[in-house]
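Protein chains: 2
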Amino acid sequence: MKPVDPKVTKVGFIGTGVMGNPMATHILNAGYELYVYNRTESRAQSLVDSGATFCETPGAVAAECDVIFAIVGFPPDVESVFLGEQGIVAAAKAGSIIVDMTTSKPELAVEIAKVAAVKDVHSLDAPVSGGDIGAQKGVLSIMVGGEEAAFEAVLPLFKLMGANIVYQGPAGSGQHTKMANQIAIASTMIGMCESLAYAKAAGLDLETVLSSISKGAAGSWSLTNLAPKVLDGDYAPGFYVKHFIKDMGIALESSESMGVATPGLTIAKTLYDAIAAAGNGDCGTQALFKAYAQKG
Amino acid sequence: MKPVDPKVTKVGFIGTGVMGNPMATHILNAGYELYVYNRTESRAQSLVDSGATFCETPGAVAAECDVIFAIVGFPPDVESVFLGEQGIVAAAKAGSIIVDMTTSKPELAVEIAKVAAVKDVHSLDAPVSGGDIGAQKGVLSIMVGGEEAAFEAVLPLFKLMGANIVYQGPAGSGQHTKMANQIAIASTMIGMCESLAYAKAAGLDLETVLSSISKGAAGSWSLTNLAPKVLDGDYAPGFYVKHFIKDMGIALESSESMGVATPGLTIAKTLYDAIAAAGNGDCGTQALFKAYAQKG
Numbered sequence: 000m001k002p003v004d005p006k007v008t009k010v011g012f013i014g015t016g017v018m019g020n021p022m023a024t025h026i027l028n029a030g031y032e033l034y035v036y037n038r039t040e041s042r043a044q045s046l047v048d049s050g051a052t053f054c055e056t057p058g059a060v061a062a063e064c065d066v067i068f069a070i071v072g073f074p075p076d077v078e079s080v081f082l083g084e085q086g087i088v089a090a091a092k093a094g095s096i097i098v099d100m101t102t103s104k105p106e107l108a109v110e111i112a113k114v115a116a117v118k119d120v121h122s123l124d125a126p127v128s129g130g131d132i133g134a135q136k137g138v139l140s141i142m143v144g145g146e147e148a149a150f151e152a153v154l155p156l157f158k159l160m161g162a163n164i165v166y167q168g169p170a171g172s173g174q175h176t177k178m179a180n181q182i183a184i185a186s187t188m189i190g191m192c193e194s195l196a197y198a199k200a201a202g203l204d205l206e207t208v209l210s211s212i213s214k215g216a217a218g219s220w221s222l223t224n225l226a227p228k229v230l231d232g233d234y235a236p237g238f239y240v241k242h243f244i245k246d247m248g249i250a251l252e253s254s255e256s257m258g259v260a261t262p263g264l265t266i267a268k269t270l271y272d273a274i275a276a277a278g279n280g281d282c283g284t285q286a287l288f289k290a291y292a293q294k295g
Numbered sequence: 000m001k002p003v004d005p006k007v008t009k010v011g012f013i014g015t016g017v018m019g020n021p022m023a024t025h026i027l028n029a030g031y032e033l034y035v036y037n038r039t040e041s042r043a044q045s046l047v048d049s050g051a052t053f054c055e056t057p058g059a060v061a062a063e064c065d066v067i068f069a070i071v072g073f074p075p076d077v078e079s080v081f082l083g084e085q086g087i088v089a090a091a092k093a094g095s096i097i098v099d100m101t102t103s104k105p106e107l108a109v110e111i112a113k114v115a116a117v118k119d120v121h122s123l124d125a126p127v128s129g130g131d132i133g134a135q136k137g138v139l140s141i142m143v144g145g146e147e148a149a150f151e152a153v154l155p156l157f158k159l160m161g162a163n164i165v166y167q168g169p170a171g172s173g174q175h176t177k178m179a180n181q182i183a184i185a186s187t188m189i190g191m192c193e194s195l196a197y198a199k200a201a202g203l204d205l206e207t208v209l210s211s212i213s214k215g216a217a218g219s220w221s222l223t224n225l226a227p228k229v230l231d232g233d234y235a236p237g238f239y240v241k242h243f244i245k246d247m248g249i250a251l252e253s254s255e256s257m258g259v260a261t262p263g264l265t266i267a268k269t270l271y272d273a274i275a276a277a278g279n280g281d282c283g284t285q286a287l288f289k290a291y292a293q294k295g
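Listed in order, the protein sequences are those of chains C and L.
Going by numbering that gives the first Met the number 0, the first sequence runs without a break in its numbering and finishes at 295.
Going by numbering that gives the first Met the number 0, the second sequence runs without a break in its numbering and finishes at 295.
No more than 30 Å apart at the CA atoms, straight line, and that leaves these computed lysine-lysine pairs for BS3-like: (1) L:K289 x C:K214; (2) C:K214 x L:K241; (3) C:K118 x C:K92; (4) C:K228 x L:K214; (5) L:K228 x C:K214; (6) L:K268 x C:K289; (7) L:K214 x C:K268; (8) L:K289 x L:K228; (9) L:K268 x C:K268; (10) L:K245 x C:K289; (11) C:K228 x L:K268; (12) C:K158 x L:K214; (13) C:K268 x L:K228; (14) L:K289 x C:K268; (15) L:K268 x C:K214; (16) L:K268 x C:K245; (17) L:K245 x C:K214; (18) L:K214 x C:K214; (19) L:K214 x C:K136; (20) C:K268 x L:K245; (21) C:K214 x L:K136; (22) L:K214 x C:K241; (23) C:K245 x L:K214; (24) L:K214 x C:K289; (25) C:K245 x L:K289; (26) L:K158 x C:K214.
Note that these hints are calculated values from the structure, not bench results.
Working from the sequences, and respecting the hints, build out all of it.
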């Protein structure tokens with residue numbers, strides 16, 4: 000497969016963990032020359048074995064490439080990878096495009112775009128939804144903010160990783176859209192767990208209840224996909240509680256700074272904090288049900 | 000169309016309003032002999048014109064029929080229609096089956112079943128979901144509690160009104176299932192509205208945001224069906240705010256009596272009460288967005 004833009008041949012990928020590794024693999028498999036960096040080098044080994052070049056710093060990746068992706072952990076990691084001394088922006092070539100796919104702060108995306116623009120580097124914020132399964136299958140939902148021309152240029156690469164790729168507006172808009180996504184999930188999860196907790200206390204058969212309520216006006220992705228896991232006592236991630244807490248923290252901060260009241264999100268964050276404190280941070284988000292567990 | 004049980008030929012229907020009228024019409028059209036009662040007689044006129052017999056009291060309906068349905072307003076209406084002096088149970092024939100399709104209190108359903116059993120009358124609680132459109136199309140979701148043999152006997156009639164008909168367990172189980180349904184909806188609506196309010200405050204294009212978030216892990220019936228109405232400023236019901244408040248009130252009372260904590264439901268009820276107090280009781284439930292309206 001040839002890149003649509005024949006000038007883009009060298010692609011960088013920073014952060015080759017559970018999400019980044021399969022995402023970068025799709026790019027490598029499409030025939031691009033891939034440069035990678037990861038804090039823990041061993042997690043990039045499969046890519047190096049397949050022909051990628053490992054670099055010692057994010058900056059070293061950026062210095063080689065036309066388009067540089069990153070998907071790392073928390074906003075401070077994003078800041079360090081993009082704006083640090085050995086970071087992407089300091090080393091990026093004029094005209095190159097840098098893309099943060101981490102779920103991170105909208106205002107940090109705006110700041111990166113501003114700093115990058117000074118160097119004639121184009122920045123996109125492009126957080127994803129769909130989890131490790133979506134990354135492996137190349138069917139992520141990708142929500143993109145930044146210059147539209149840069150989005151169009153990177154679109155052929157996004158298409159290797161995602162299925163629902165939407166340009167949302169100027170820098171920060173991708174992150175804001177992801178926050179809107181997480182805010183919708185937060186209260187929907189509360190609805191799912193309270194509904195199950197109520198049905199359980201009422202002595203109903205939960206599977207039978209789901210057969211009544213999943214398909215109608217109460218229906219949701221959570222009720223269809225996560226409620227059956229709760230019934231099975233299966234709290235394996237899916238999407239980690241600890242990562243959802245990170246996202247909700249950003250969403251709360253961002254909501255507050257914009258003066259948006261989010262009582263549902265606030266409660267969800269409180270309940271998730273509680274179950275994480277009780278040792279469930281590495282469970283999937285369906286573990287919220289544990290906050291509703293009954294005595295006996 | 001012949002009834003499956005050849006003994007059931009006379010069917011009663013009490014409450015021929017926006018839901019009951021089309022439900023009763025399906026039964027009449029299937030060839031049953033229909034007896035009806037409604038507090039406001041004129042709202043039963045279309046059924047009478049089509050061959051139904053109007054009776055002066057719920058009891059007068061019950062005295063004639065093998066199966067008697069009711070779908071009325073609030074729990075006190077249910078109590079009066081079923082347990083009142085001129086009510087159904089006082090007049091019902093031994094061996095007949097009485098079915099409350101109102102969304103009402105689970106414990107009232109249990110009480111009706113107990114009182115009915117003394118007279119050898121079988122009682123089902125069978126609240127519905129799907130609204131007036133579902134009633135008109137005969138595709139309601141029907142959640143049924145009571146004796147299973149009575150459920151089986153009434154099933155051919157339920158099938159005239161519904162598409163997803165599920166037996167949930169002993170008396171009260173239908174109402175409890177409906178409460179679980181409403182509890183799931185309550186917080187999902189909060190998630191939808193907070194998400195839209197956040198996206199709006201962030202300056203995003205809401206339609207574009209929905210195209211990113213509706214299909215993935217944030218997806219819900221509400222986001223797919225009601226969020227677009229909010230974007231259009233369309234607050235027509237659908238499902239009335241005032242009726243949802245009634246249901247949430249029952250759910251809260253029932254939760255409390257069972258010791259189930261429902262912080263999400265509590266907030267939803269508070270916000271819906273607020274928008275109803277502001278004059279939106281006759282709007283559709285998507286009017287919850289008004290609780291999140293920004294200045295300016």
